[in-house]
Amino acid sequence: MKNLQKIEVITEKRSIDIVIEMIEKHGVTGYTLIPNVTGKGKRGIKHGDDLNDVFINSMLITVCEETVAEEIVKEIKVFLQDVSGVCFVTDVKYVLH
Amino acid sequence: MKNLQKIEVITEKRSIDIVIEMIEKHGVTGYTLIPNVTGKGKRGIKHGDDLNDVFINSMLITVCEETVAEEIVKEIKVFLQDVSGVCFVTDVKYVLH
Amino acid sequence: MKNLQKIEVITEKRSIDIVIEMIEKHGVTGYTLIPNVTGKGKRGIKHGDDLNDVFINSMLITVCEETVAEEIVKEIKVFLQDVSGVCFVTDVKYVLH
Amino acid sequence: MNPSDLFLNFLNTPVLFFFMGMIAIAIRSNLEIPQPLPKFFSLYLLFSIGIKGGMELSKSGFGEGVSGILILAVAMSSVIPFYTFFILRKKYSISDAAALAATYGSVSAVTFITAIAFLQSNHIPFGGHMVAAMALMESPAIITAVVLYKLYNKDDSNKTTLFHTIKDAFTEGSIVMIIGSLVIGLIVGEKGYESVKPFAGDMFKGILCLFLLDMGIVAARRLKDLKAAGAFSILFALLVPITNAGIGILLAKIFHMGQGDALMFTVLCASASYIAVPAAMRVAIPHSNPGIYVPMSLAITFPFNVIIGIPVYNYLVQMFI
Amino acid sequence: MNPSDLFLNFLNTPVLFFFMGMIAIAIRSNLEIPQPLPKFFSLYLLFSIGIKGGMELSKSGFGEGVSGILILAVAMSSVIPFYTFFILRKKYSISDAAALAATYGSVSAVTFITAIAFLQSNHIPFGGHMVAAMALMESPAIITAVVLYKLYNKDDSNKTTLFHTIKDAFTEGSIVMIIGSLVIGLIVGEKGYESVKPFAGDMFKGILCLFLLDMGIVAARRLKDLKAAGAFSILFALLVPITNAGIGILLAKIFHMGQGDALMFTVLCASASYIAVPAAMRVAIPHSNPGIYVPMSLAITFPFNVIIGIPVYNYLVQMFI
Amino acid sequence: MNPSDLFLNFLNTPVLFFFMGMIAIAIRSNLEIPQPLPKFFSLYLLFSIGIKGGMELSKSGFGEGVSGILILAVAMSSVIPFYTFFILRKKYSISDAAALAATYGSVSAVTFITAIAFLQSNHIPFGGHMVAAMALMESPAIITAVVLYKLYNKDDSNKTTLFHTIKDAFTEGSIVMIIGSLVIGLIVGEKGYESVKPFAGDMFKGILCLFLLDMGIVAARRLKDLKAAGAFSILFALLVPITNAGIGILLAKIFHMGQGDALMFTVLCASASYIAVPAAMRVAIPHSNPGIYVPMSLAITFPFNVIIGIPVYNYLVQMFI
Ligand SMILES: Nc1ncnc2c1ncn2[C@@H]1O[C@H](COP(=O)(O)O)[C@@H](O)[C@H]1O
Ligand SMILES: Nc1ncnc2c1ncn2[C@@H]1O[C@H](COP(=O)(O)O)[C@@H](O)[C@H]1O
Ligand SMILES: Nc1ncnc2c1ncn2[C@@H]1O[C@H](COP(=O)(O)O)[C@@H](O)[C@H]1O
Ligand code: NA
Ligand code: NA
Ligand code: NA
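Protein sequence lines correspond, in order, to chains A, B, C, D, E and F.
Our numbering puts the first residue of the first sequence at 1, with every later residue one more than the last.
Our numbering puts the first residue of the second sequence at 98, with every later residue one more than the last.
Our numbering puts the first residue of the third sequence at 195, with every later residue one more than the last.
Our numbering puts the first residue of the fourth sequence at 292, with every later residue one more than the last.
Our numbering puts the first residue of the fifth sequence at 613, with every later residue one more than the last.
Our numbering puts the first residue of the sixth sequence at 934, with every later residue one more than the last.
It cannot be assumed that every hint is accurate.
Beta-carbon label-pair distances, calculated as ranges [claimed, not checked]:
| no. | chain 1 | residue 1 | chain 2 | residue 2 | range |
| --- | --- | --- | --- | --- | --- |
| 1 | E | Leu851 | C | Thr223 | 56 to 62 Å |
| 2 | D | Phe353 | B | Lys171 | 21 to 27 Å |
| 3 | D | Arg319 | F | Ile1254 | 40 to 46 Å |
| 4 | C | Lys287 | B | Thr164 | 23 to 29 Å |
| 5 | B | Arg140 | D | Thr462 | 23 to 29 Å |
| 6 | E | Lys703 | B | Gln178 | 38 to 44 Å |
| 7 | D | Lys518 | E | Gly903 | 32 to 38 Å |
Pulled a few chain E residues facing chain D out of the computed Cβ check, cut under 7 Å [unchecked claim]:
| no. | residue |
| --- | --- |
| 8 | Ile637 |
| 9 | Arg640 |
| 10 | Lys817 |
| 11 | Ile819 |
Hints are computed from structural coordinates only; laboratory data are not their basis.
Just so you know, even glycine gets a beta-carbon here, dropped at the ideal spot from N, CA and C.
Work the whole structure out from these sequences, hints included.
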């Protein structure tokens, strides 16, 4: 079985579509989205209690092969220079689909 | 300490109860459920904007011992042949409960 | 790169603020919160269908260095002796922020 | 009624909000009614028409005409899937053909509710039993379709029994909501209804506006998914409701329905399901593809009926009945 | 009032929706009012009775009778936990006995609100001060129970002080909502109330229907959790409210309350808390088990009071007062 | 109008609920209106004022005065950012100064809606075109601020074009909601409005109460975030609205507006945005810090306008116009 990686990206809800486009461009076949998460980071607290979606995050989870993951991560790195968010990569033992 | 595994199952919201039954049958003592997640996979996009719960997923997280996890995973494999969804297994360093 | 750990804490929604205080005390720079998750554990099912927030959990995710993680985990251990909840620690390969 | 009235009827307030939702998607606005409010609104609308219909039934009673209409309703929902299934088999797999047959045999509560608002605006009365007719028409099509599927798909490994499908169809939340409210309306009658009317009755049209705004948004989004569908699907999604509406008007004439009842019956025949059927198909015919039948009913048939269908059907009903 | 009226009162519209919710669970329907709407409805109902009660108080003023009733209310909530605690000690641990004592000494806002709808249907007036009585009765029982617990459980390692518990009880969202709305109703009076009445007043009974529908669903689900409870728990959950209702009627007679006030007071005495108390117990008596006291109050006492209790208590009030 | 009336106006029902929300946070209560209901309420309020404004425009028509007011509105929103930007440059970075300039040039729909409720209570009429004025004032300030930012920040690496910003500003959900409802109100006129009035009109003030309760909670929470802000920020957040209100009253006098229109115009000038602007700034000026401009507008300017501003501006309007 190929080496699999789980990428988790947390970013502002209004920017999550950019992340989705990014991973899809690399041929990722699937992802899961937790639409509303709150949090805290360098840019202060996201209460999630606003009337628009500025103070709320979304969390994207995608599992893909290591080679693809590496390319995606490169792009997300650039993306996160401008946009609020964070990205974790973990090893996955195996995946059923 | 015993070898612990984290199983994450994402499937259509209306089928998540079957997964819960499945893991409980194997004597799993606990789980956590994120009731509403959206996503994309082989069966297209789950927008989560429908009036019924057909286009929305739930995500189940459970941590259990490796031996139990293996048995559960076998069953989920069969389950996922018919039903939309995906399942990841990762190693967990340790657990407090 | 330093050794990074992902700590996931699931506890009753009304107590999650105590966990947040705990990790912030140790200088953790960020966290993500899934405000409403349901689940089952030693203390029965949390349906999430109550009129107050007694039967619902929140899930906190934070990634930090191993040394800090160890200290946090010690405190959470004490906390979980009294309060409903569970805590998982996993290795993270890398983090972009 | 003259043709200019026909045109005016496109300008119905709730339908204009449906348009507005479609335009919002067209201009890529982020406007949306946040969930679970649209879900709640759909429950509210069922509650509203259920309790009102029950109250009216408690006044009018179940006359002979009533049971005739109810039987006709069940018959139409059972029969439509037959003829559509054999047309559909030409282009689709057995599973998809069966699912589409169920879709077009069953009914759309939202189209029905929009037609109620339309009749109210035009001050045309209709019987409370039409609400019962709607509730009764949701399931027979599903059952017929599953029977057809099981007949034609001999090597079906799916272990869901027909009984299971029937049970599911009757315990679906929306069905329980409408039947429950109808029964309660019947029990409490006009006096009981009065006390809940400011909420259950007077809010109806305003909430329908916001609900249709959301439906416009959802339908427009699904329209984008439909690109791949091809001409056959689109033609089917337009011609079948028109055909069924024609049959509906004919039957209404033969069975001497009143004008209000006739329109409601026609709308039920013409409408296609996108709530009850996908829920049932997932379990009963899991290999059917909701990416085909939901966009057809939700993004083509539903807007067609709501915008053009209802006023045109009404024009025809006014002329012939 | 004769026995046939008693029967008719079971057919109150909101209570029928409560039944409908229970039936939905019994037939395994997936019907539910999606969260957070039920949470919101409960806030709305508190807002509605609070502002109306305040407005009525601004007209009637705080007469002598009013302060008498308020003192009586606080006294009942403080005293009930004593006698129940000693009965409960026979079967339960100190923590669970104390939590149950708090549960039955405190009150259920939803039962109270259902009784308001009941009085409205029967055109029986009651005073705005009864809303204040309800708000005042939530906390004393909690305080008594915590005191009892601390007395009997010498080696309690829990560091939550009694002061903390009292503070918590008064800052609980539902208490702030009702007291805040009551005060605002008092300030703005009848003129201010008029402008919000279409929402705050006229929607009351309709929203109560949907809220009780959801409560029926929740209560029926909890009923399943109750299997393990045993006969003692069930008997307790039925006999204690009946006893407390009896005491309530007696006191109402002695203190010359009007019929409306008497029923509201009786209902408060008979009802058991399942919102304020579990929230307080988590912190004050963390070793108590919500799996015991919530199902008892929510799945037995609450349905009993709403379905049978209110009409029967009212029958007795009509006979004796 | 005499000064005692001025005082009475602080006791407006919806504003008292705003207070109640702030008090709830002060006493550390867990009271809150659960999301997404506050989001929905804000959409409802825009829908409500939009459709009503459109209906009134359909009666009054677009007279000469109307286009004058609309042009004035756009001009004010475009000009305010200039003078504020140069004051703000003294203390803030270019990005934050530009974002704050947009904030104070743009408008707050909620303040506007609270002023509508205020006028209704005082039976002062105003024109439906003021709703259009509000919709038109949201975006020009954003565009001016972005232009200023691009002029002064030569090495801006941000590739978002001005066109993109303008498009975004006009497809923002709240703008589409208000303009869409306004247009529908215009089309359906008084007759169409009647049928939705029980929901779209009569619920307005009651829902505003619960919405302002939530806004009070949110504003009080943000107040805590503001500790670090310093005297300059706080003074700015108080003096700029007062100055803009003064200019507003002056212009209203010069252009012979009616008293109702004059107050609405003044409130628009004085109010600061915390919904449209943060949404736009994220993309257009991503280095600006919402932790600065949101608390200033939401926790200082908004409460100031709602509690003190509106009655005082009205007092001045009554005196001078
Ligand atoms: N160390 C962390 N662990 C988990 N989530 C984080 C962490 N740092 C930041 N986040 C999430 O990323 C979001 C944006 O971070 P930032 O851009 O640093 O404000 C925060 O609101 C959190 O939800
Ligand atoms: N590679 C993946 N990573 C994360 N989630 C996935 C992945 N593939 C599928 N999913 C999730 O599983 C759901 C069902 O997948 P499918 O049955 O393939 O449509 C999707 O809607 C996603 O939420
Ligand atoms: N093994 C487990 N895996 C995942 N989540 C768990 C597990 N055990 C407990 N939980 C979560 O922790 C919450 C509290 O657990 P407890 O205090 O044991 O009732 C549960 O409601 C679950 O959400
Ligand atoms: Na049909
Ligand atoms: Na009691
Ligand atoms: Na302004």
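Hint-by-hint comparison with the structure:
The supplied range of 56 to 62 Å is met by Leu851 of chain E and Thr223 of chain C, whose beta-carbon atoms lie about 57 Å from each other. Separated by about 55 Å at the C-beta atoms, Phe353 of chain D and Lys171 of chain B break the suggested range of 21 to 27 Å. The supplied range of 40 to 46 Å is met by Arg319 of chain D and Ile1254 of chain F, whose beta-carbon atoms lie about 42 Å from each other. In this structure the hint that Lys287 of chain C and Thr164 of chain B lie 23 to 29 Å apart at CB holds, the actual value being about 26 Å.
The hinted window of 23 to 29 Å between Arg140 of chain B and Thr462 of chain D holds, with their beta carbons roughly 25 Å apart. Restraint check, Lys703 of chain E to Gln178 of chain B: a C-beta distance of roughly 50 Å breaks the suggested window 38 to 44 Å. For the pair Lys518 of chain D and Gly903 of chain E, the beta carbons lie near 52 Å from each other, so the given range of 32 to 38 Å is not met. Checking Ile637 of chain E against chain D: minimum C-beta separation of about 10 Å lies over 7 Å; hint violated.
A hinted interface residue such as Arg640 of chain E counts as satisfied when its beta carbon comes closer than 7 Å to some beta carbon of chain D; here the least separation is about 6 Å, so the hint holds. Nearest Cβ of chain D to the Cβ of Lys817 of chain E: about 5 Å, under the 7 Å cut. The hint holds. The interface hint given for Ile819 of chain E holds, since its Cβ lies 6 Å from the closest Cβ of chain D, which is under the 7 Å cut-off.
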